[in-house]
Structure formats: C-alpha cells, structure tokens
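Enquirer: Below are the chains, spelled out letter by letter.
Number of protein chains: 2
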Amino acid sequence: MSTMIYNVTAVLMDPAHTVLPNAYVVVDGHQIVDFGAQRPQGFTGKCIDGKGGILLPGLVNAHTHVPMTAMRGYGDGNNLQDWLHNFIFPVEAKWDDRAVRACAALGLAEMIASGVTCIADMYMHTDAVLREVESAGISANVSCGGVQFEEPFDPDKNHDCAVQRALTEQWHGRDDGRIRVDASIHGEYTSHAGLWDWMAQYAADHGLGMHVHLSETQTEHEACKSRHGGKTPAAVLAEHGVFDVRAIAAHCVWTTPEDWALLAEKGVSAIHNPVSNLKLGSGVAPVVDLKKAGVNVALGTDGVSSNNCTDFFGDLKLAAILQNGVRCDPLALTAWDALEMATVNGGKALGRKTGRIEKGYEADLILLDSEALNLIPCHDAANNLAYAAHGSNVVMNMARGKVIYKNGEFLTIDIDRVKKEVAGYALPLLFGR
Amino acid sequence: MSTMIYNVTAVLMDPAHTVLPNAYVVVDGHQIVDFGAQRPQGFTGKCIDGKGGILLPGLVNAHTHVPMTAMRGYGDGNNLQDWLHNFIFPVEAKWDDRAVRACAALGLAEMIASGVTCIADMYMHTDAVLREVESAGISANVSCGGVQFEEPFDPDKNHDCAVQRALTEQWHGRDDGRIRVDASIHGEYTSHAGLWDWMAQYAADHGLGMHVHLSETQTEHEACKSRHGGKTPAAVLAEHGVFDVRAIAAHCVWTTPEDWALLAEKGVSAIHNPVSNLKLGSGVAPVVDLKKAGVNVALGTDGVSSNNCTDFFGDLKLAAILQNGVRCDPLALTAWDALEMATVNGGKALGRKTGRIEKGYEADLILLDSEALNLIPCHDAANNLAYAAHGSNVVMNMARGKVIYKNGEFLTIDIDRVKKEVAGYALPLLFGR
Chain R
1 MSTMIYNVTA VLMDPAHTVL PNAYVVVDGH QIVDFGAQRP QGFTGKCIDG
51 KGGILLPGLV NAHTHVPMTA MRGYGDGNNL QDWLHNFIFP VEAKWDDRAV
101 RACAALGLAE MIASGVTCIA DMYMHTDAVL REVESAGISA NVSCGGVQFE
151 EPFDPDKNHD CAVQRALTEQ WHGRDDGRIR VDASIHGEYT SHAGLWDWMA
201 QYAADHGLGM HVHLSETQTE HEACKSRHGG KTPAAVLAEH GVFDVRAIAA
251 HCVWTTPEDW ALLAEKGVSA IHNPVSNLKL GSGVAPVVDL KKAGVNVALG
301 TDGVSSNNCT DFFGDLKLAA ILQNGVRCDP LALTAWDALE MATVNGGKAL
351 GRKTGRIEKG YEADLILLDS EALNLIPCHD AANNLAYAAH GSNVVMNMAR
401 GKVIYKNGEF LTIDIDRVKK EVAGYALPLL FGR
Chain D
1 MSTMIYNVTA VLMDPAHTVL PNAYVVVDGH QIVDFGAQRP QGFTGKCIDG
51 KGGILLPGLV NAHTHVPMTA MRGYGDGNNL QDWLHNFIFP VEAKWDDRAV
101 RACAALGLAE MIASGVTCIA DMYMHTDAVL REVESAGISA NVSCGGVQFE
151 EPFDPDKNHD CAVQRALTEQ WHGRDDGRIR VDASIHGEYT SHAGLWDWMA
201 QYAADHGLGM HVHLSETQTE HEACKSRHGG KTPAAVLAEH GVFDVRAIAA
251 HCVWTTPEDW ALLAEKGVSA IHNPVSNLKL GSGVAPVVDL KKAGVNVALG
301 TDGVSSNNCT DFFGDLKLAA ILQNGVRCDP LALTAWDALE MATVNGGKAL
351 GRKTGRIEKG YEADLILLDS EALNLIPCHD AANNLAYAAH GSNVVMNMAR
401 GKVIYKNGEF LTIDIDRVKK EVAGYALPLL FGR
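These protein sequences, in sequence, are chains R and D.
At position 248 of the first sequence (counting the first as 1) the number is 248 in our numbering, and the numbers step up by one without a gap.
At position 64 of the second sequence (counting the first as 1) the number is 64 in our numbering, and the numbers step up by one without a gap.
In short, the hints are calculated from the structure, not lab data.
For clarity, every value in this text was computed on a predicted model and none was experimentally measured.
Some hints here could point you the wrong way.
Said to hold, decoys possible - In the DSSO-like style, the derived pairs of lysine-lysine whose C-alpha atoms are separated by at most 27 Å in a straight line are:
| id | chain 1 | residue 1 | chain 2 | residue 2 |
| --- | --- | --- | --- | --- |
| 1 | R | 406 | R | 353 |
| 2 | R | 359 | R | 402 |
| 3 | R | 406 | D | 51 |
| 4 | R | 94 | R | 419 |
| 5 | D | 359 | D | 46 |
| 6 | D | 419 | R | 406 |
| 7 | D | 46 | D | 353 |
| 8 | D | 420 | R | 51 |
| 9 | D | 406 | R | 419 |
| 10 | R | 51 | D | 419 |
| 11 | R | 231 | R | 266 |
| 12 | D | 406 | D | 419 |
| 13 | D | 402 | D | 419 |
| 14 | D | 359 | D | 402 |
| 15 | R | 402 | R | 353 |
| 16 | R | 359 | R | 406 |
| 17 | D | 419 | D | 94 |
| 18 | D | 353 | D | 420 |
| 19 | D | 406 | R | 406 |
| 20 | R | 419 | D | 402 |
| 21 | R | 51 | R | 94 |
| 22 | R | 402 | R | 51 |
| 23 | R | 51 | D | 406 |
| 24 | D | 292 | D | 266 |
| 25 | R | 420 | R | 406 |
| 26 | D | 266 | D | 353 |
| 27 | R | 420 | D | 51 |
Stated by the list, open to error - Example chain D residues on the side facing chain R (calculated, C-beta under 7 Å, incomplete):
| id | residue |
| --- | --- |
| 28 | 40 |
| 29 | 80 |
| 30 | 244 |
| 31 | 246 |
| 32 | 308 |
| 33 | 321 |
| 34 | 325 |
| 35 | 334 |
| 36 | 374 |
| 37 | 379 |
Where is the CB? At the ideal position from N, CA and C, for every residue including glycine.
Using the sequences and the hints given, assemble the complete structure.
Expert: Right, here's the structure in full:
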C-alpha cells in the first residue's frame with residue numbers, strides 16, 4: 001500500500017534548491033513515487049499529516065564506527081597516542097559479538113532519533129553490526145576495516161580477507177540492496193601493499209565499494225611520505241588500484257592539491273568529519289578546496305568515542321560554519337552546501353539513490369517539528385536546517401518507506417532492552433564495571 | 001521554605017573539579033545553603049527527586065542580543081556588509097517595544113530550555129528587554145550598546161546617555177540584584193572619545209560593569225589602528241578608562257599579545273562566541289593565549305541572527321573542540337576548561353556568584369536527564385556534558401531558587417502567547433508579512 005505524507009514544507013535537495021511549501025510526498029514500497037505542491041485528490045493509501053513540519057531527505061552519516069558508542073567520553077583529555085593505546089585499544093580487545101550488538105543498537109538508535117537514515121560503518125565484529133543494522137531498518141554500507149600488520153601477505157591467513165569474503169557472501173545486497181558490504185582498508189599506516197592489491201581486486205571482482213581512512217593526521221600523512229619516497233597516502237593507495245571502484249575516503253585533513261586532483265579524477269568521495277577532526281586535534285579538512293577540485297564531499301560523525309554524540313544536525317552546523325571561520329570568509333560554504341554534504345552527496349558517496357526527494361529515490365525521509373522554538377521564525381528553511389535545527393526536532397524518521405521512529409518512540413529497536421544489555425552486559429565486559 | 005534537590009550527580013564546578021555522585025543540594029531563597037554526598041535526614045522543606053540526573057550550575061550566556069531571535073536565518077548567505085546593511089539594519093529600524101518584548105521572550109525561552117540561567121544582553125529598546133527578563137526569572141546584566149555617530153559629543157543630546165541614565169535609575173539592582181544594568185560601548189568603530197569618557201565615568205560613579213564589542217573582525221581591528229596611530233581597540237578604550245570597572249569584551253578574535261596582557265591587567269573578561277565567529281567568517285579567537293595570559297574567558301552565543309540558535313550546549317561543545325582543531329593539539333582545551341567558560345567564568349565575568357554549586361552562591365541550577373541516549377554510557381560526567389549533551393537533555397531549570405522550566409513546560413513564560421505575538425505582531429511589523 002502507498003503512503004502519502006502531506007502538509008509539509010518539502011526541502012527536495014535537488015540542484016535548484018527547491019523548497020515546496022504545503023507539499024506532499026507519496027511512497028510506495030521503499031521508493032518515492034510522487035511528490036508535489038498540492039495534495040492530490042482521491043488518494044486511497046495511508047496518509048500521514050506532517051502538521052506543517054519540514055520534510056527533508058534522511059541524513060547520511062558517511063563515516064562512523066557505531067559500536068564505539070560504548071566509549072563515549074572514555075579517556076578524553078589524554079593525548080592521541082595515550083588515548084588509543086591506554087584506553088581504546090585495550091577495551092576493543094575485549095569485545096564479543098553480544099556486546100557489539102548492544103552498543104551498535106544504542107548508537108543506531110541515537111542516530112535514528114536525530115534523523116539519520118543511512119550510514120557507512122567500519123568496524124570489527126562486523127557481522128554483529130550488520131545484524132543490528134538489519135533489524136533497525138536503516139540503510140548501511142558496512143565494512144570490516146581491513147588491516148594487515150604482518151608481512152608477507154597471505155590472503156588465506158589474513159583475518160580480514162576471510163571476514164571480507166564471508167560478509168560479502170552473507171550480507172551484500174540483502175533486503176533489496178538496503179544492506180551493502182564495502183571492501184575496506186583501515187588505512188595506509190595499518191596495512192601493506194599485499195592487502196591493498198587484494199582488496200582492490202576483490203572489490204572490483206564483486207562490485208563492491210571501498211572505505212578507507214585517508215590523511216587524518218599530519219603524523220600519518222608525513223610518515224607515509226617517508227615510507228613511500230614522498231608519496232602521499234592517496235597516491236600510494238591509488239597506485240594499488242584501491243580507488244578504481246566507487247570509494248569513500250574519511251577525513252582527508254592533510255590531503256594536498258595533487259591529492260584533490262587525484263580524488264576528483266578517480267571519483268573518490270571525501271568524507272568530512274569536522275567534530276572528530278577538531279576534538280582530536282587532527283586539523284581542519286580543506287573542504288572548500290576539495291569541492292573546488294571537483295571532489296564530492298559528504299559528512300560523517302566518526303565514532304562516538306571521538307565526537308562524542310551523533311546529533312547529526314550538530315555536525316552539519318559545524319560543517320556549515322567551520323570553513324567560513326578558518327578562511328575568514330562568510331561565504332566559504334553556504335547552508336545549501338552543508339545540507340548537500342549531509343544528504344545527496346552522502347547518497348552519491350555510498351552509491352545509493354538517497355538524499356533527495358525525487359521519484360525513484362529511496363523513501364528515506366525525516367520530518368522536523370516546525371513549531372520547535374529553535375525553528376521560529378523560519379525566514380528560510382535551508383538556513384534553519386543548517387544552522388538552527390537540532391536532532392531533537394526530528395519527530396519522524398522513515399527509512400526505506402518504513403516509519404522507524406516517531407515522536408520519541410523507536411518502532412524497530414527495543415530501546416529499554418538495549419539499555420539494559422549495554423549496562424548489564426557490554427559495559428561490565430568492556431570496562432569491568 | 002527551603003528546597004532540597006536530591007538523587008543527582010552534582011558537578012560542582014569548583015577548582016578541584018568535584019563530581020559528587022548521589023548528591024543533594026539545599027536551596028533557601030535565591031541561594032544555595034547546603035550540599036553534599038548523602039541526603040540529610042529530617043529535612044522538612046520541599047523535596048525534588050533528581051532521578052539520578054546530572055545537576056550542573058546554570059549556564060551563563062555572557063554575550064547576546066536576545067531580540068535578534070526575530071532575524072534567525074534572515075539574510076544568511078550574504079557577505080557581512082550586505083547582510084548588515086540590506087537585511088539587519090533596515091529591520092532594526094522598524095522595532096517597537098512590543099515587538100522587542102515578543103522576540104526577547106521567544107529568545108529567553110529558547111535559552112531557558114537549554115539550561116541558561118544568566119545572560120549579558122546588549123540591545124536597543126533595552127527597557128522592553130528588561131521587562132521580559134524580569135518576568136522570565138533569569139538573571140541578567142543588560143546594556144543598551146551605546147553608540148555615538150556624531151561629533152561633537154554632548155551627553156545631554158546623545159540618545160544612549162539618556163537611556164543609560166534612565167535604565168540605571170529604574171532597573172539596576174532590581175529583585176535583590178537579579179537584574180543589573182551595565183554601561184556599554186557598542187564598539188570603538190561606532191563611537192568616539194566623548195562617549196568612551198562619559199560611559200567610563202558613569203560606570204565608575206554608579207558601580208556598573210561595562211560591556212563592549214572588541215576586535216571582532218580584522219577590518220574593525222585594522223581600521224582602529226589606522227585611525228589611532230597603530231593603537232588597537234583594546235588599547236584605545238583602555239586609555240579612556242573604559243576598562244577601569246568590571247568589564248566584558250565580546251569576541252576578541254583579533255586581539256594581540258599586548259591586548260591579552262592589558263585585558264589580564266585590567267581584569268577584563270573576554271567573551272568567546274565561537275559559533276558566531278565561525279559563521280560570519282570573523283575568525284577563531286585566541287582563547288588558549290588569552291587564558292595563558294591570565295584573562296578570564298567566558299562564553300556567549302551572540303545574537304541568534306549570527307548563530308542561529310541558542311542551544312548553549314552546542315556552543316559549549318564547539319568551544320571545547322575548536323581550539324584543539326585549529327592548533328592541532330588534542331589537549332589545547334579540556335572538557336573542564338569549556339565547562340568553566342560556560343559556568344563559573346561567566347559568573348565571574350558578570351560580577352555574580354553564579355556558576356558553582358557552593359554555599360552562598362545563587363541557586364542557579366539545571367538538571368539533565370542521564371537516561372537520554374546521548375548521555376549513555378557515562379564514563380565521565382564532565383566529558384559527557386562538554387561533548388555529548390544537548391539542550392534538549394535539560395529537564396529542569398532553576399533560576400535564583402525558582403523552577404522556571406520543567407520537562408518541557410515553561411513556568412514563567414506563556415509560550416503560546418509569545419509565539420502568537422511573534423507571528424501576529426512582531427514578524428508583520430519587521431518583515432511586512
């Protein structure tokens with residue numbers, strides 16, 4: 001049966017930046033089949049009154065590590081190496097699938113409540129993450145974050161090659177493409193040429209995308225150049241074919257003009273994680289330069305351990321204002337630029353028809369309460385969405401045509417059970433308390 | 001009658017950074033009279049069960065222009081001069097007291113809902129702002145933003161001198177000091193020596209504080225140096241005695257090492273407005289340097305027209321992470337540094353005993369729901385407050401001992417009436433629609 005959402009201001013996220021007042025959108029199955037400015041007569045399906053709210057395509061969180069919700073604020077206030085080696089890594093060694101599932105569900109719930117309908121996740125215990133994604137109802141490109149610490153490389157002995165094969169076979173394309181498995185390389189600095197070649201070939205052979213971390217910190221970027229005769233991480237990975245498939249590169253903070261040209265040429269999307277980059281002292285990504293070079297830039301939260309929350313509207317606002325400030329240019333990025341990064345650019349980055357209100361696109365839609373104090377007055381819907389909205393303004397999250405969150409209630413996640421599982425199982429396992 | 005709030009994790013904001021689990025706080029009149037780690041027996045006053053929430057001193061928004069809530073998102077996407085001259089100033093010329101009251105009430109409600117209990121406001125139609133502050137119940141240092149466009153200066157003809165005299169007489173110290181009037185100079189670039197001398201003397205004579213904008217943009221800073229033989233705005237205003245009283249200087253983005261030493265010597269507090277500074281392309285204030293020089297740094301939202309909301313936890317988070325990012329130092333500022341800027345430093349800046357849970361301090365207290373998804377888990381209360389909390393987590397706002405907001409309900413503001421007044425009166429007056 002079709003569903004019509006009516007009585008909304010629809011922000012289409014089309015190239016013309018159309019905002020339709022008093023609009024309707026019709027959804028059939030998991031797709032948008034119609035939309036317009038006046039409610040059609042004689043519609044016989046289910047109707048949802050948007051009550052004058054703002055309807056926006058669901059937000060795309062294009063780089064995250066969702067189980068790391070367990071480490072929210074854990075070890076903050078230490079330098080990066082201490083934080084990783086004395087806090088994060090020791091805890092990560094204790095994970096089991098059950099704990100990952102609990103913490104992934106908690107993280108997904110937080111994202112869903114703030115309007116995210118699609119994610120790109122990279123984490124270990126990937127199968128456990130996928131089970132929670134499957135039941136939560138959002139779309140996801142999920143990857144295991146391939147590492148290769150030992151040489152020589154043997155694909156039959158490398159743990160992540162085995163994981164990659166199993167994930168692809170069991171999960172890729174499930175639920176009519178809602179769930180996709182990406183190939184992945186955690187980073188140039190945590191692997192070697194053997195894995196790069198194997199993953200690049202595997203992705204090409206199986207029609208997968210690629211997810212990597214790229215030039216997040218200056219240390220990582222410079223160390224790569226030292227190891228590889230002055231070549232940057234982007235150049236090194238490109239040489240090994242890693243970017244010959246649809247690919248997303250998280251961070252790109254220290255990328256160079258040559259890297260921007262390379263990423264544009266290869267069609268690699270840069271995933272900007274402004275909160276994480278600031279908090280961890282990584283720097284400010286050259287988003288304006290990347291865009292000027294023709295690179296598709298999308299937005300991510302990174303893991304909650306380095307954010308420390310996933311109110312995606314907060315990340316969107318920071319993306320919208322940060323470039324202006326550091327470049328001393330109030331027009332460096334506009335509200336529309338930031339909204340595109342959070343929606344349609346994310347869809348493009350993940351190879352999905354999501355992030356726009358358009359016929360044939362996924363019915364990933366969120367509704368915001370226009371009566372919320374922080375959205376009054378509304379001189380311009382885009383400005384309010386980019387600079388003033390909070391995740392708490394989201395009153396409905398429809399993912400692939402299915403309402404999964406409404407007025408504070410989760411319809412696909414038993415949040416009380418999840419909280420109990422986190423407090424009663426995951427936290428004692430990970431933190432001994 | 002005394003009130004006890006119990007069953008809370010109390011973040012005292014004392015120099016030792018004490019976090020008291022299972023704590024209580026007793027309030028009598030408008031002050032905190034007791035607090036501790038175990039609920040005392042035999043208490044006979046009113047009891048409020050904090051239900052395991054986090055109790056924090058109320059947040060201090062130390063620089064704002066609250067009626068500008070009316071211009072939320074208005075003219076965004078234009079350069080600074082176009083924005084001011086084609087959007088903001090023409091609208092400001094249309095204000096009347098009634099419209100200011102409606103928009104001030106809307107802005108105060110938004111702040112109260114996100115945990116603000118004390119503000120420093122600077123705006124025209126100041127009497128109208130003060131009326132709304134009075135009924136809302138929060139504390140405020142209010143100023144008119146003195147300007148002097150014409151020379152020669154005549155205090156009997158300058159509009160803002162008359163306003164200053166009237167405000168001081170009618171409002172300063174009202175409600176046992178809850179409402180204070182500050183002297184003010186909008187900025188070096190909007191006034192001349194006559195007003196500086198007069199305001200400095202007036203403030204000294206009447207025991208008032210001083211509120212100024214200082215070196216917000218590079219243009220403003222450099223133009224001052226051109227006009228005044230290389231002297232910065234801080235140096236120029238200091239020469240005229242403007243900083244010989246307790247003073248707050250908003251922005252300080254382009255202040256120099258000499259300015260930092262001067263501000264520290266004079267005891268001037270710098271008010272950091274990170275969202276506004278980024279959004280308007282003003283730059284990034286040298287907060288770490290100001291702190292190192294011994295300057296008290298507090299936090300403000302600036303007007304909603306340049307923010308574009310007042311979820312003060314969002315501003316707090318940006319303050320906490322921005323310096324780390326631009327200095328590539330994950331320890332440039334800590335969670336505690338940011339929390340201090342938002343609470344106790346703000347109290348100090350405004351000459352008030354607020355921003356700490358301590359006997360004899362104002363009973364300005366906010367309670368956050370620790371069961372909110374974005375606050376789970378809680379490894380460290382300060383980290384969660386600085387990096388993960390949202391305004392929407394605030395379930396109670398107690399200002400000067402009186403609960404003014406609880407579970408989404410305003411107890412001192414008729415929010416439906418305010419919304420009607422904004423939509424039915426203020427917006428038509430200001431925007432002709």
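Enquirer: Hint by hint, say whether it matches the structure.
Expert: How the hints compare with the structure:
1. A distance of roughly 23 Å separates the Cα atoms of residue 406(R) and residue 353(R); the hinted pair therefore holds under the 27 Å criterion.
2. Of the pairs offered as hints, the one joining residue 359(R) and residue 402(R) holds, with about 17 Å between alpha carbons and a cut-off of 27 Å not exceeded.
3. A distance of roughly 25 Å separates the Cα atoms of residue 406(R) and residue 51(D); the hinted pair therefore holds under the 27 Å criterion.
4. Restraint check for residue 94(R) and residue 419(R): the C-alpha separation of about 19 Å stays at or below 27 Å, so the hint holds.
5. About 18 Å separates the Cα atoms of residue 359(D) and residue 46(D), which keeps this hinted pair within 27 Å; it holds.
6. Annotation: proposed proximity of residue 419(D) to residue 406(R) holds, straight-line Cα distance about 24 Å (limit 27 Å).
7. Between residue 46(D) and residue 353(D) the CA atoms are separated by roughly 24 Å; this keeps the pair inside 27 Å, and the hint holds.
8. Restraint check: the Cα-Cα separation between residue 420(D) and residue 51(R) comes to about 17 Å, which is no more than 27 Å; the hinted pair holds.
9. As the CA atoms of residue 406(D) and residue 419(R) are separated by approximately 24 Å, the hinted pair is consistent with the 27 Å bound.
10. Proposed proximity of residue 51(R) and residue 419(D) is supported: the alpha carbons are some 17 Å apart, at most 27 Å.
11. Taking the CA atoms of residue 231(R) and residue 266(R), the gap is near 17 Å; set against the 27 Å cutoff, the hint holds.
12. For the given pair, residue 406(D) sits about 19 Å from residue 419(D) by alpha-carbon distance, which is consistent with the 27 Å threshold.
13. Using a Cα cut-off of 27 Å, the hinted pair residue 402(D) and residue 419(D) holds, with the two alpha carbons roughly 24 Å apart.
14. The straight-line distance between the Cα atoms of residue 359(D) and residue 402(D) is roughly 17 Å, inside the 27 Å bound, and the hint therefore holds.
15. Using a Cα cut-off of 27 Å, the hinted pair residue 402(R) and residue 353(R) holds, with the two alpha carbons roughly 16 Å apart.
16. Only pairs whose Cα atoms come within 27 Å are accepted, and residue 359(R) paired with residue 406(R) is accepted, the gap being roughly 24 Å.
17. A hinted pair counts as satisfied when its Cα atoms are at most 27 Å apart, and residue 419(D) with residue 94(D) qualifies at roughly 19 Å.
18. Simply put, residue 353(D) and residue 420(D) have alpha-carbon atoms about 36 Å apart, too far for the 27 Å limit, and the pair is violated.
19. Taken as a hint, the residue 406(D) and residue 406(R) pair is honoured in the structure, with Cα atoms around 23 Å apart against an allowance of 27 Å.
20. A distance of roughly 33 Å separates the Cα atoms of residue 419(R) and residue 402(D); the hinted pair therefore is violated under the 27 Å criterion.
21. Restraint check for residue 51(R) and residue 94(R): not satisfied, since their Cα atoms lie roughly 47 Å apart, outside the 27 Å limit.
22. Pair hint residue 402(R) plus residue 51(R) holds up; C-alpha atoms about 19 Å apart against a cutoff of 27 Å.
23. The hinted pair formed by residue 51(R) and residue 406(D) meets the criterion: a straight-line CA distance of about 25 Å does not exceed 27 Å.
24. For the given pair, residue 292(D) sits about 15 Å from residue 266(D) by alpha-carbon distance, which is consistent with the 27 Å threshold.
25. For the proposed pair residue 420(R) and residue 406(R), the alpha carbon gap of about 22 Å is at most 27 Å, so the pair holds.
26. Our distance criterion of 27 Å between C-alpha atoms is met by residue 266(D) and residue 353(D), whose separation comes to about 20 Å.
27. Note on residue 420(R) and residue 51(D): the hinted pairing holds, with a Cα-Cα distance of about 17 Å set against a maximum of 27 Å.
28. The beta carbon of residue 40(D) comes no nearer than 28 Å to any beta carbon in chain R, farther than 7 Å, and the hint placing it at the interface is violated.
29. This hint holds: residue 80(D) has a C-beta 6 Å from the nearest C-beta of chain R, less than the 7 Å allowed.
30. With a least beta-carbon distance of about 32 Å to chain R, the hint placing residue 244(D) at the interface is violated under the 7 Å criterion.
31. The beta carbon of residue 246(D) comes no nearer than 29 Å to any beta carbon in chain R, farther than 7 Å, and the hint placing it at the interface is violated.
32. With a cut of 7 Å, the hint placing residue 308(D) at the interface with chain R holds, because the nearest CB-to-CB distance is about 4 Å.
33. With 7 Å as the threshold, the beta carbon of residue 321(D) comes within range of chain R, its nearest partner Cβ sitting at about 4 Å, so the hint holds.
34. Proximity of residue 325(D) to chain R holds as hinted, the smallest CB-CB distance being about 3 Å (cut-off 7 Å).
35. Evaluation of the residue 334(D) hint against chain R yields a held restraint, the C-beta minimum of about 5 Å falling below 7 Å.
36. At its closest, the beta carbon of residue 374(D) sits 4 Å from a beta carbon of chain R; the interface hint therefore holds under the 7 Å criterion.
37. This hint holds: residue 379(D) has a C-beta 4 Å from the nearest C-beta of chain R, less than the 7 Å allowed.
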